[in-house]
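Its first residue numbered 99, the sequence shown is counted upward by one per residue in the numbering used here.
Derived from the structure by calculation, the hints contain no laboratory data.
Warning: the hint list may mix true and false statements.
EDC-like cross-link-like pairs, simulated, lysine to aspartate or glutamate; straight-line CA separation at most 16 Å [claimed, not checked]:
id : residue 1 : residue 2
1  : LYS351    : ASP182
2  : LYS240    : ASP264
3  : LYS217    : ASP264
4  : LYS351    : ASP264
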Amino acid sequence: MTVAAEGSPPLRMAGARRNPLLQSEAVQGFALISPTFVYALILLVLPILVVIAHSFWTQNYLTIDHTFTLENYRIALTEPIYRDLLWRSLYISLTVSLLTVALAYPIAYFISFHGGRHKSLWLFLITIPFWTSYLLRVMSWKVILGYNGVLNSGLMGLGIISEPSDALLYNSTAVIITLTHAWATFAILPIFVSLEKVDRTLVEAATDLGDGPLRSFLRVTLPLSAPGVISAALIVMIPTVGDYVTPKLVGGKDGVMIANAIQAQFGKASNWPLGAALSVTTMVIVSLMAGATVLIIRALQRLAR
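Generate coordinates for the entire structure from the input sequences, incorporating the hints supplied.
Written out as structure tokens, the structure is:
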């Protein structure tokens, strides 16, 4: 008993010397993020590295030649079919981003400034479309815009057209309309959060100094909510560039986007290196556009101050 009692303090001291390292904030923080880090590494970083590696190889029928080459990037950037698809995808993505922000901002503004006690209810109602499958929402627009669809029937009933028009579906316009509806909610939420952070006393001060509602909005509310607008535009722009399902269902031959070409290379064409080069090219261009957008907006904000 005496030996155990005398030996116990050193053991406690040894444990005490180990505990500070295990209980440090850095170690605990790393332990918390490590599962997420491993998950992102395995399911995001490694696949991207594999795609990048494939883009420098060559497809030889059923085998892949691992000799380094830039031929795939030459094809991706110079062949008219892929260049045109890439530009069309960027055009559709930018147009959808502008339309969603233009539609989402008034809705977010109304909820933030005039929603009162029912803000949560309004936000809940906005999320209702997400209760249905994305494919069902796309197919619903196919029914609306189709040759014998709801819109054509309504226009004929009003006497605006004498026969159904086939210009409403299977083109870039149909893709833009469908994507704008599908991604509108994603634009509303970040703008709403940004508007909620606007100090109402600043708006009141602008009004007291003689600014009308429009001038107060342009000088106070809009600049302060710019981060939410930027976030909304980027949240919509980045995924819509690579959208595959929507142009497949409502785009037709005039609404094909770069993602459809990438899928064809990985699928029927069995040319994985070219598909990888198209993917990397699109990813780099979108990243540059997103970075340039953030830098431009920040520069404008600094000038406004």
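Okay, the hints, checked on the actual structure:
With a C-alpha separation of about 13 Å, the suggested pair LYS351 and ASP182 falls inside the 16 Å cut-off, and the hint holds. At most 16 Å may separate the alpha-carbon atoms for a hinted pair to count; LYS240 and ASP264 meet this at roughly 12 Å. Between LYS217 and ASP264 the alpha-carbon distance is near 41 Å, which puts this suggested pair outside the 16 Å criterion. Between LYS351 and ASP264 the alpha-carbon distance is near 13 Å, which keeps this suggested pair within the 16 Å criterion.
Checked against the numbered hints above, the structure breaks only hint 3 and satisfies the rest.
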